[in-house]
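Given next are the chains, with one letter for each unit.
Number of protein chains: 2
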Amino acid sequence: MDDYWLRPIGRVRSHLKQRHEAPRQGRPAGVEAELIIDKAVKKGLEGIDTGDKLFALCWYHMADRQTLRVHPRADQSIAKRGVFATRSPDRPNPIGLCLVDVISVKGTVLKVRGLDAVDGTPIIDLKPYIKALDT
Amino acid sequence: MDDYWLRPIGRVRSHLKQRHEAPRQGRPAGVEAELIIDKAVKKGLEGIDTGDKLFALCWYHMADRQTLRVHPRADQSIAKRGVFATRSPDRPNPIGLCLVDVISVKGTVLKVRGLDAVDGTPIIDLKPYIKALDT
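So the sequences go chain by chain: A and B.
Residues in the first sequence are numbered from 9 upward in steps of one, following this note's numbering.
Residues in the second sequence are numbered from 9 upward in steps of one, following this note's numbering.
It should be emphasised that the hints constitute simulated quantities derived from the structure, not laboratory data.
Don't take every hint at face value.
Heads up, the list lumps identical chains together, so a pair's fine if it works in one copy or across two of them.
[Unchecked claim] In silico EDC-like links for lysine to aspartate or glutamate, alpha-carbon gap of 20 angstroms or less: (1) K139 <-> E29; (2) K50 <-> D83; (3) K88 <-> D11; (4) K88 <-> E42; (5) K61 <-> D142; (6) K139 <-> D60; (7) K50 <-> D72.
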């Protein structure tokens, strides 16, 4: 099958510097971070406001793309299962999906709560959460 | 910024053959389709069962990647807004996010309900829906 190319639309700025510091999942931990969006796509942010819920799609650039089975939540006591049945960052296309709350928007910098990605992680897309679609 | 490459993990098989036939959004319309997953990543499906809710991430290969502002739901009466504040397929990285219900799993073929992608659309990832993370 054909490959496709992804171009990051920005980067995460976070006090989480290494993968082992990142919470297993961002939302319950309520980690705050900034999405530093590329000025070239600034127009794409029009309409995003404080208080919005967004899906932030990241690219886990440090993930292992060969992994197909993992222990869920890295818990050795749980039997391994397929990566597509888990939220492991290790997977063939290491896309992270995090639902975040927008705390503020200043130009191309979005401050958000609930992101489990480390500093420097590429951001590849943002989408509004729409209850009728996403529940 | 660096580009990354994506390799599809499968394709959509659907009676929707062209983009204009696709519903604005898949879930309310309840469209049934099949996810034909590549046998090379079959192990990644272990643990996915009938009745599961999954996010299916697709690559809208026919989308316009230059578009930064659109009329939401293609409704000309609504003012244009940034693509990151909409679910438009036209966006810099044309990833589609659809929450689907798994109707059956037979080998590497997942029959699902709620997908708005046309026949042949590349599938790039599958993730379980986890209420504590995704609401």
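Results for each hint:
1. Taking identical chains as interchangeable, the C-alpha atoms of K139 and E29 are never at most 20 angstroms apart, the minima being 31 angstroms within one chain and 23 angstroms between chains.
2. In this homomeric assembly, K50 and D83 never come within 20 angstroms of each other (Cα to Cα): the closest approach is 40 angstroms inside a single copy and 22 angstroms across copies.
3. For the homomeric pair K88 and D11, neither the shortest alpha-carbon distance inside one copy (28 angstroms) nor that between copies (31 angstroms) is at most 20 angstroms.
4. In this assembly of identical chains, K88 and E42 lie within 20 angstroms of each other by CA distance neither inside one copy nor across copies; the values are 33 angstroms within and 26 angstroms between.
5. In this assembly of identical chains, K61 and D142 lie within 20 angstroms of each other by CA distance both inside one copy and across copies; the values are 12 angstroms within and 10 angstroms between.
6. Within a single copy, K139 and D60 get their C-alpha atoms as close as 12 angstroms, and across copies as close as 18 angstroms, so both meet the 20 angstroms cut-off.
7. In this homomeric assembly, K50 and D72 come within 20 angstroms of each other (Cα to Cα) only across copies, at 17 angstroms, whereas the closest approach inside a single copy is 31 angstroms.
Checked against the numbered hints listed earlier, the structure breaks hints 1, 2, 3 and 4; every other hint is satisfied.
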